[in-house]
Amino acid sequence: MGITRTPTSLTQSSATRGGIGESTLRPDGTLKVTGEFAYSSDLWHEDMLWGYTLRSTVAHAAIVSIDTSEALATSGVYAVLTYDDLPTEVKHYGLEIRDTPVLAHGKVRHHGEPVALVAADHPETARRAAAKIRVEYDALPVITDEASATAPDAVLVHEGRDDHHIGHVPHPNIVHRQPIVRGDADRAAERADVVVSGEYVFGMQDQAFLGPESGLAVPAEDGGVDLYVATQWLHSDLRQIAPVLGLPERKVRMTLSGVGGAFGGREDLSMQIHGCLLALRTGKPVKIVYNRFESFFGHVHRHPARLWYEHGATRNGKLTHVRCRIVLDGGAYASASPAVVGNAASLSIGPYVVEDVDIEALALYTNNPPCGAMRGFGAVQACFAYEAQMDKVAAELGMDPVEFRQVNAMEQGTVMPTGQTVDSPAPVAELLRRVKSRPLPPERQWETTEGADVRALPGGLSNTTHGEGVVRGVGYAVGIKNVGFSEGFDDYSTARVRMQVINGEPVATVHTAMAEVGQGGVTVHAQIARSELGVTQVTIQPADTQVGSAGSTSASRQTYMTGGAVKNTCEAVREKVLDLGRRRFGSYHPAWATAELLLEGGKVVTDGGEALADIADVLEDDVVDLELEFRHRPTQAFDLRTGQGNGHVQYSFAAHRAVVEVDTELGLVKVVELACAQDVGKALNPLSVVGQIQGGTTQGLGVAVMEEIVVDPKTALVRNPSFTDYLIPTILDTPTIPVDVLELADEHAPYGLRGIGEAPTLSSTPAVLAAIRQATGLELNRTPVRPEHLTGS
Amino acid sequence: MKPFAYRRADDVAAAVALLSQDRHAVFLGGGTNLVDHLRLGVATPDTLVDVSRLPLDRIEELPGGGLRVGATVRNSDLAADPLVRQRYPVLSQALLSGASGQLRNAATTAGNLLQRTRCVYFQDVTTACNKRDPGSGCSALGGYQRYHAILGASPECTATHPSDMAVAMAALDAVVQVVGPDGERAVPIGDFHRLPGDRPHHDTVLGHGDLVTAVDLPPLPETVRSRYRKVRDRASYAFALVSVAAALDVRDGVVADVRIALGGVAHKPWRASLAEQELRGAPATEDSFRRAAEAELAAAQPVDGNAFKVPLARNTLVATLRELTGGTPR
Numbered sequence: 001m002g003i004t005r006t007p008t009s010l011t012q013s014s015a016t017r018g019g020i021g022e023s024t025l026r027p028d029g030t031l032k033v034t035g036e037f038a039y040s041s042d043l044w045h046e047d048m049l050w051g052y053t054l055r056s057t058v059a060h061a062a063i064v065s066i067d068t069s070e071a072l073a074t075s076g077v078y079a080v081l082t083y084d085d086l087p088t089e090v091k092h093y094g095l096e097i098r099d100t101p102v103l104a105h106g107k108v109r110h111h112g113e114p115v116a117l118v119a120a121d122h123p124e125t126a127r128r129a130a131a132k133i134r135v136e137y138d139a140l141p142v143i144t145d146e147a148s149a150t151a152p153d154a155v156l157v158h159e160g161r162d163d164h165h166i167g168h169v170p171h172p173n174i175v176h177r178q179p180i181v182r183g184d185a186d187r188a189a190e191r192a193d194v195v196v197s198g199e200y201v202f203g204m205q206d207q208a209f210l211g212p213e214s215g216l217a218v219p220a221e222d223g224g225v226d227l228y229v230a231t232q233w234l235h236s237d238l239r240q241i242a243p244v245l246g247l248p249e250r251k252v253r254m255t256l257s258g259v260g261g262a263f264g265g266r267e268d269l270s271m272q273i274h275g276c277l278l279a280l281r282t283g284k285p286v287k288i289v290y291n292r293f294e295s296f297f298g299h300v301h302r303h304p305a306r307l308w309y310e311h312g313a314t315r316n317g318k319l320t321h322v323r324c325r326i327v328l329d330g331g332a333y334a335s336a337s338p339a340v341v342g343n344a345a346s347l348s349i350g351p352y353v354v355e356d357v358d359i360e361a362l363a364l365y366t367n368n369p370p371c372g373a374m375r376g377f378g379a380v381q382a383c384f385a386y387e388a389q390m391d392k393v394a395a396e397l398g399m400d401p402v403e404f405r406q407v408n409a410m411e412q413g414t415v416m417p418t419g420q421t422v423d424s425p426a427p428v429a430e431l432l433r434r435v436k437s438r439p440l441p442p443e444r445q446w447e448t449t450e451g452a453d454v455r456a457l458p459g460g461l462s463n464t465t466h467g468e469g470v471v472r473g474v475g476y477a478v479g480i481k482n483v484g485f486s487e488g489f490d491d492y493s494t495a496r497v498r499m500q501v502i503n504g505e506p507v508a509t510v511h512t513a514m515a516e517v518g519q520g521g522v523t524v525h526a527q528i529a530r531s532e533l534g535v536t537q538v539t540i541q542p543a544d545t546q547v548g549s550a551g552s553t554s555a556s557r558q559t560y561m562t563g564g565a566v567k568n569t570c571e572a573v574r575e576k577v578l579d580l581g582r583r584r585f586g587s588y589h590p591a592w593a594t595a596e597l598l599l600e601g602g603k604v605v606t607d608g609g610e611a612l613a614d615i616a617d618v619l620e621d622d623v624v625d626l627e628l629e630f631r632h633r634p635t636q637a638f639d640l641r642t643g644q645g646n647g648h649v650q651y652s653f654a655a656h657r658a659v660v661e662v663d664t665e666l667g668l669v670k671v672v673e674l675a676c677a678q679d680v681g682k683a684l685n686p687l688s689v690v691g692q693i694q695g696g697t698t699q700g701l702g703v704a705v706m707e708e709i710v711v712d713p714k715t716a717l718v719r720n721p722s723f724t725d726y727l728i729p730t731i732l733d734t735p736t737i738p739v740d741v742l743e744l745a746d747e748h749a750p751y752g753l754r755g756i757g758e759a760p761t762l763s764s765t766p767a768v769l770a771a772i773r774q775a776t777g778l779e780l781n782r783t784p785v786r787p788e789h790l791t792g793s
Numbered sequence: 001m002k003p004f005a006y007r008r009a010d011d012v013a014a015a016v017a018l019l020s021q022d023r024h025a026v027f028l029g030g031g032t033n034l035v036d037h038l039r040l041g042v043a044t045p046d047t048l049v050d051v052s053r054l055p056l057d058r059i060e061e062l063p064g065g066g067l068r069v070g071a072t073v074r075n076s077d078l079a080a081d082p083l084v085r086q087r088y089p090v091l092s093q094a095l096l097s098g099a100s101g102q103l104r105n106a107a108t109t110a111g112n113l114l115q116r117t118r119c120v121y122f123q124d125v126t127t128a129c130n131k132r133d134p135g136s137g138c139s140a141l142g143g144y145q146r147y148h149a150i151l152g153a154s155p156e157c158t159a160t161h162p163s164d165m166a167v168a169m170a171a172l173d174a175v176v177q178v179v180g181p182d183g184e185r186a187v188p189i190g191d192f193h194r195l196p197g198d199r200p201h202h203d204t205v206l207g208h209g210d211l212v213t214a215v216d217l218p219p220l221p222e223t224v225r226s227r228y229r230k231v232r233d234r235a236s237y238a239f240a241l242v243s244v245a246a247a248l249d250v251r252d253g254v255v256a257d258v259r260i261a262l263g264g265v266a267h268k269p270w271r272a273s274l275a276e277q278e279l280r281g282a283p284a285t286e287d288s289f290r291r292a293a294e295a296e297l298a299a300a301q302p303v304d305g306n307a308f309k310v311p312l313a314r315n316t317l318v319a320t321l322r323e324l325t326g327g328t329p330r
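Same order as they appear, the protein sequences are chains L and P. Taking UniProt numbering, the leading residue of the first sequence gets 1, the next gets one more, and so forth. Taking UniProt numbering, the leading residue of the second sequence gets 1, the next gets one more, and so forth.
Chain L extracted, bound-state conformation:
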């Protein structure tokens, strides 16, 4: 059995130390940078087969026929499956709406949709056999935008919808629509001295994780299946997989394998059901690994969006009202679109105080690639637009853009457009002040005694300008992101913590189903256990479905939720240990009964610091073992007409200042510095916090100046599914990212912490755009900005 090491099993042998607040090193860090870390694509099993997925070559077509005979007759092929081979009545899956067929049925709705599966004894054999499957398509009209989707005679992407949104959407090609109306925007507009409107376009961004979708399904003797896979949420996968296989969930045992990045792109299923189907059909282990080309079709992307905004303000700089309309392209299947709509609507005006708003957000069904979760989740697109608007209004008023934002900044106690009161610190003005007060990077940093250092110039190693024609610009932006699952979702996480003595030393074992996707959760869990239980030895068990759900590694929620679950369970374990101690040693010292007791440095100590006993002596041969669920406070659904409701758990804020240098002649941009200030509540691991902020900032930079999946508007075919054609920033494109971390506790959250992963992705993009606008004087209402938008400016 060659199941490889997973990130979580590594902590056992690592020599990491440190409790919360310390920059403990990651157990997987060295292995990853030295190339030794085993990712899910490295999974291997004796006698395993390789699965391959045949995908549609057209975006919208009826399937007239599928002929698999030639593929089946290929030597080395063990199975070929189509929709007709699915074993149960459950043939669809989906995160929120089960609208996605496991294999295409009757028609295909987007380019790259899975049509058939092949298992063979060699990956190349499987691929060649798949090429012999003859699929006859009959083309259908392609729906690619709002006009074609909502035309009265539009072909329906999904006929016969019976999901819970169909009752309130104005057209069946709209997945979900969320208006928010508060105050009276029409009347408020009469008070406005300036009114600014704009239309903005946000391109389709890809998560571009480096580890492609992959996993290994192993059939078990009990008729079940063991699935090793890189995912973001084991139990959500499980709920979608088991019914399709016709197995009870206990017979589908899932274990997290090494995950090479996620960013939302692994929240939906990819190869999971396919691998299990092939394994159960052939009775052999089946591995599926997507190549890079296929990976672009194997996961959802960030919703591209069109956004219309109108802002009004009085002459003294106070916002009067905001009207906006956000149209997100959800593509062919719903994925997370409903929740993305809720976020886009509820966070659409940004971290500002505006009492009179009229907001509408919706997601379309089209034949474009399905879009769903990606870091920032609906708040990113809105932030790009409202921050551009804030600069325009400030310019109209003749105000400094930062000052204008500060005048309108929300704070603790502000009421959101949803009617929800922000009940923890919201240091928006302070974050802006911090990035603004930072000294600007020196001008003309490319000048050296040996001539121009082209790496510091627009064009980089392309060796273009040596400084001539280069103009500097500075831009600011700030954003607001919700943390955790919203709108009444029962969001919880589970942690099992065991404490026992091994070789004379107390050892804590932490078992959760949290997907470590690179965010550093396993590091933080060990820190929490050390702090709460006073031990040095902490074993983090591999994440699997033998323990309760940890929820998704998304929505900036895992440190809050599974970190919270580990903390809570540790506290309960600590009480049990102390109870044992009281029973064993209570009569020896009065403090056992009277004092507040803690576990520290392997001992039971009083809050005054007096040691009462060794934990090892307290435990002896006993094992304390608890599994508990942790929930954040409940939220409410947004009213479908007014958008009112306490929909969110917590908010997260970040601000950026971008300094760019633009070669206006050739349209090339060098982002020189992208400073960030963010409130994190409490930095459990300061080094990881800075890493997350720098990563999110860079992902925001990518969509500002280069990242976009190009979909042909006539055919809805994806045109750049490779890393040669879909460009992401290299280290040369990545600026210095100084980070200023605030720690203002949220009393509702474990340790006062605030989810941090997404907020920096929001404000990074509009800050870069603002800086480029300042340098060039161009309007730039679309992202990404590329040379064609700038050349000759």
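Wrong hints could be hidden among the right ones.
As the list claims (entries may be wrong) - Dumping the calculated BS3-like pairs for lysine-lysine here, alpha-carbon to alpha-carbon at most 30 Å:
| # | chain 1 | residue 1 | chain 2 | residue 2 |
| --- | --- | --- | --- | --- |
| 1 | L | K436 | L | K682 |
| 2 | L | K436 | L | K318 |
| 3 | L | K284 | P | K2 |
| 4 | L | K284 | L | K251 |
| 5 | L | K107 | L | K714 |
| 6 | P | K2 | L | K132 |
Worth flagging that the hints you see were computed from the coordinates, not collected in a lab.
We have chain L already, so just place chain P on it with the hints.
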């Protein structure tokens, strides 16, 4: 990937003979382009004849001050060669602006010259492409054309040539040495790559079995300054949107000689002879440069997706010439 036989040639004659015997054999150099195409299904040869280890890996001085670059000289070695850096900085710069260090270590001189287009339709075997599958049509027409040609395209093909090195060689009047079934011949680089016309599946004038053995670089007068500029979407690891290779000889403020080639704008490295004609004998001023650029680009036939390349090519050319005159920044 379709299965193929692998043969290694011991000398040039054997290599040519191996290919001549097999219609479905191709030469394998560094493999940085061909192996991608094998994996994508764009290339489906029966046999690979490995020529990467032929004794063609030397850079030699030619009588009169030129250089002969062997066909298997790796891009990294060519860029770093002291004589190349001294005499043909434009070539060294072009090489270093292409690909990544790892790819340059593997890629050969001949292979770079013979790179095929990065057109997304050419690389996507599920779409029609006259270059990949003659007569099947051109999906780029009316499709995604951001990277496509503004000069010299045909209704059959609007692809661009991706090489940086070849653009510099075009400006340097390089001569390609070829050995084929019918013997040796020398092909001026301007005649080496083709415009698509109605036969876009032929990138070059080479026939089956023709092997590039070397590229000769003629001497440049010492007063000539040369420079390569490349505009792309990120600071490294990306193909050119537009590039300019220029060699300029200015005497007493007047352009005595000039050679210009453009990359990213056509099916072949585009020698800008109209611009050169405009410049020869003209004062080396911003105005002349602009007029020259406009003279060359007057024939451009952009479409919506690539119209930006016209001003971008003009600006890049003007900026390059300005820099070569040591002119003051704007």
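Going down the list of hints, with the structure as the test:
Only pairs whose Cα atoms come within 30 Å are accepted, and L/K436 paired with L/K682 is accepted, the gap being roughly 23 Å. Between L/K436 and L/K318 the alpha-carbon distance is near 21 Å, which keeps this suggested pair within the 30 Å criterion. Using a Cα cut-off of 30 Å, the hinted pair L/K284 and P/K2 holds, with the two alpha carbons roughly 26 Å apart. Only pairs whose Cα atoms come within 30 Å are accepted, and L/K284 paired with L/K251 is accepted, the gap being roughly 16 Å.
Between L/K107 and L/K714, the direct Cα distance comes to roughly 19 Å. Compliance with the 30 Å bound is thereby established for this hinted pair. In summary, the hint linking P/K2 to L/K132 is supported, as the alpha carbons are separated by about 13 Å, within the 30 Å threshold.
Consistency note: the structure conflicts with none of the earlier hints.
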